[in-house]
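Student: Below, each chain spelled out in residue letters.
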Amino acid sequence: MTQKNRVNGGLIDRSSRVNFQFDGKTYQGHTGDTLASALLANDVRLMGRSFKYHRPRGVMTAGSEEPNALMKLRTGARQEPNSRATVTELFDGLEARSQNRFPSLKFDFMGINDRFSNFLTAGFYYKTFMWPRVFWEKLYEPMIRKAAGLGSISFEDDPDSYDKGFLHCDLLVIGSGPAGLMAALTAGRAGVRVILAEEDFITGGRLNAETYAVGGMSGSDWARSVMAELESLENVRVLTRTTVIGAFDHGIYGAVERVSDHTLVPESGKPRQTLWRIYSKRAVLAAGATERPIAFENNDRPGVMMAGAVRAYVNRWAVTPHQQFAVFTNNDDGHRTAVDLIAKGVDVTGVIDVRPDAPSLAGVEVFAGAHVVNSKGLLGLKSVQIRLANGEIRDLTCGALGVSGGWNPNVHLTCHQRGRPVWNDAIAAFVPGGKMPVGLTVAGAANGHLSTAQALQTGAEAAVSSLTGFGVSAAAPDLPEAEDAPISLTPFWYVKEGKGRAWIDQQNDVTVKDIKLAHQENFRSVEHLKRYTTLGMATDQGKTSNMGGLAVMAELTGKSIPETGTTIFRPPYTPVAMGALAGRSIGKDFHPTRETPSHKWAVEQGAEFVEAGNWLRAQWFPQPDEKHWRQSVDREVLQTRKSVGICDVTTLGKIDVQGADAAEFLNKIYANGFAKLPVGKVRYGLMLREDGIAYDDGTAARLAEDHFVVTTTTANAALVYRNMEFARQCLWPDLDVQLISTTEAWAQYAVAGPNARKLLQKVVDPEFDLSNDDFPFMACGEITVCGGVRARLFRISFSGELAYEIAVPTRYGDAMIRALMEAGEEFDAVPYGTEALGVMRIEKGHAAGNELNGTTTALNLGLGRMVSKKKDCIGNVLSEREGLKATGALRLVGLRPVDSKDEIPAGAHLMNADGSVSAKTDLGYVTSAAYSPTLGCSIALAFLKGGEDRMGDVLRVINPLEGQEVRAEVVSAHFVDPEGERLRA
Amino acid sequence: MIINHPLLGARDAQEFTYLGDASLIHRPDWQGEDPSGQFHDYLYLRDNPAGQHRELWFHEVGDRSWLVVTRNTLTHEITNVELARDVARREGRGK
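In order, the protein sequence lines correspond to chains A and B. If you're matching positions, the first sequence starts at 1 in the working numbering and goes up one per residue. If you're matching positions, the second sequence starts at 1001 in the working numbering and goes up one per residue.
Chain A with its partners taken away, still in its complex shape (with noise of 0.2 Å):
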């Protein structure tokens, strides 16, 4: 029979029939349960097999908090590992399969492990696996990886997107149980904007697992009613499936919602998930309390559960994980679960309460003073083993155990800015304390009033206090009536009988041993406990087993739990997908992609692209019978040198800078002069860091006496605007002047090539002359083109051609690039791309990024006389260092090799002709290489010590890395044109 531990009642729609798989068994379950629950209706115990001994283990809670159930989620590229069946909400063709296991989780080889457990103790990859040393990265680390761990990944691309967004509130409430229902009451009712968050995928929390009434009714329906409300409320909204993960800064909290975990795959156009960033003024965080186990020998096998964990699955699930029950409990809370068990008609055949003065219940025999020793049972719970008070050893069959140790606040969010929790010896356990998260207050269980009056009221409270917090006055709503009683504990942690294995840690399978060997070998501080042990590692983060770790250790040590402490709780409270981390931002969506007016031009042309920052820019332009990069290349500078070439500068940083003090202003940004410069005029500028070392360079065009354009890098345009900025704000902020980027507001070409003046005077309107004489090199100026088009004209020059910078309005830009083509076709003008002008500003000596690579300076780059000593500029006065000045210094050379048909290695360093080979004798490196078409070999620049003497001399030129060894001459950098006759032409 299917679902043979189904009882009456419930939150679940028995109307409904849900398919599911778990190791390719098909069950059936209701809309309304987890995969955890309704594997128990189905009488499946077995779940899962432990970390490191493959211990076989069945479902222990029924929250976030579950170590064991552990399961790989559906198929293929959607197979997710380490899913926690207890939250997995229930759907039709859901596949499940069980982890850490092989061949079968009933038959695991693994299993043996187990028997060698006295070698697998804490620590004991640090110990036993030493030597041989060649063995462990081969043999020992492959091995212990495969026979520990958790589920595995699929390797293939997650077919899901995930989304992320932001929200604002005044109040935001974490959990929906009592007291986080009646804090959104209170703030909904007074009008404030409320997020209520609650991880489940209905509300109400423990509401739905007690047994209590409310206010008269039943606490779900209780709850219903309050949503009910809420629901109306325009100002609240309330996320189910939604974790707050942690508390950040100022009022801001992450939460990740599952959109679409409930379903097979998400709804078309909807994310599987989505991380949320709340901003709040204020928050209540109603997160409840976790119940913590007590251990015993073999306290691990399936059918051993959290008492309060088999309530919520007996009232809100209607299942019995098994027909024959026993509890174990050191307080009030335990005998609930026997209670409702009873309710239910589940044979309950005894509650062990450690305490000698426990009370009776009615239909159960109650053990005082009793312990549980040790259970029985290899792949399910069959019995346990008890000493009663009067040391009488008596076995009891059971198919189910319900364990309570009392509760913890799940204080974890509270401690997320650094708050440390206090001890609460009432509870005997930690509540929030310390410094709490800016505007954080903490209500019900979370704060360790564990009766659900006293949460209602405190929810109640909390809400009313935190709207005061923003001036907002608030009335608490009448409080239901609802129980109040103590939950009477007495602290017990484990049970020292036996020689066997109690476990503390069922996710990390950590035991008492470990954690009394963790304290033999001094590993004693809980942060030190925890990496040596593992104790309170992987997915559930110890929720069920740190408090008992620091227990034994503070046994062990003769400290109290708080003066022994506990780990650091930090984000994320529990596990979050890559994905939803990720969120929109993979693949090609990692960055944003900009494009260059011409773009879309290139693309007709057949470009290659490549990217530079977020920028594509042509790389070069292939030809239809071009099989090579180079061959593009090569035609595309040739034909530049012959005639003309055309080449999209757009990505090169614009700034605009316009002020009365502008050109004082550039004078301190520049290492060079600017005051002088003529109006109409262009000069390069070297740009210093305030060290001394050179960062970028570009030019700076005079279009009036009060305003100037600024060409930066394409790489560091945002770096160089952003240093404006903090010259112009904070250094000098009484210089009359404005900056603005402008880079995205111009679409600029380079026309360069003896027909370059030619070609434009067909595009530039006719009254402005180009001629020579009326513009010569390095002028300037504002302009028409194609009849009326406002534009900028400027004469500079990177490949070393007679050539010219125009730009017109971005929105210009893809007819600027079409028209100068067509103009050019008489010239057989040829567009070129990033590596023709890498080619030509190499062969031209000029220096770039791979120059400019954040350790020269000016000197180095044979640019020391420009920076000026007569005035104050960033980097002046650092660039005079002594060591930056030494003789000998690095300087900028050109390589041309001794056999033209040598290519010289791009990063190779530089030794003399004769010598050793070594760091010592290492006379610097090549920085920027290429195959000069126009001198028919390769060429380079380099940086070579005392370069400037040098002159003529055959050095090596060296990368070990590849074996590579070839011999060049040094020469000027200035390898075309070093007269400087053609850019002048």
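Selected chain B positions facing chain A (Cβ under 10 Å, derived; list incomplete):
#1 Asp1012
#2 Asp1029
#3 Gln1038
#4 His1040
#5 Tyr1044
#6 Glu1060
#7 Ile1078
#8 Ala1084
#9 Arg1093
Estimated spans, in silico, between C-beta atoms of each pair:
#10 Leu1074(B) to Asn235(A): 28 to 38 Å
#11 Thr490(A) to Leu1074(B): 36 to 46 Å
#12 Arg689(A) to Leu1074(B): 25 to 35 Å
The calculated lysine to any residue pairs, modelled on SDA-like cross-linking and capped at a C-alpha distance of 25 Å, are:
#13 Lys1095(B) to Gly673(A)
#14 Lys668(A) to Asp1041(B)
#15 Lys435(A) to Thr1075(B)
#16 Lys681(A) to Pro766(A)
#17 Lys885(A) to Gln1031(B)
#18 Lys435(A) to His1076(B)
#19 Lys676(A) to Gln1031(B)
#20 Lys281(A) to His1059(B)
#21 Lys758(A) to Glu981(A)
#22 Lys281(A) to Gly1062(B)
#23 Lys72(A) to Asn42(A)
#24 Lys945(A) to Ala919(A)
#25 Lys435(A) to Asn1004(B)
#26 Lys668(A) to Arg1089(B)
#27 Lys668(A) to Asp1029(B)
#28 Lys164(A) to Asn1004(B)
#29 Lys668(A) to Ser1023(B)
#30 Lys164(A) to Ile1002(B)
#31 Lys588(A) to Val1061(B)
#32 Lys435(A) to Ala1050(B)
#33 Lys281(A) to Gly1009(B)
#34 Lys885(A) to Asp1029(B)
#35 Lys281(A) to Ile1078(B)
#36 Lys270(A) to Phe201(A)
Worth flagging that the hints you see were computed from the coordinates, not collected in a lab. Glycine is no exception: its CB is placed at the ideal position from the N, C-alpha and C atoms.
Fit chain B to the supplied structure of chain A, relying on the hints for placement.
Tutor: Just chain B now, kept in the frame of chain A:
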């Protein structure tokens, strides 16, 4: 973090670029005594307090103001935000 921009109100810290100690405003006089030593100290010597720290933030994806933010480096509490230009003027960088 949220930075209360003096002109724009509460803005997310993601909109800003961090530079560091606001002492960078006090760039030495290039013609003063021992400029090399002064610039060395200006550039390389910084306090790194655990607590109140005055630091420079640039509203890079906003209005491009440089701000002086007084922030507690332990708690991230921000107690004061001013336009760096106002601070610079007040502290003697004006004409």
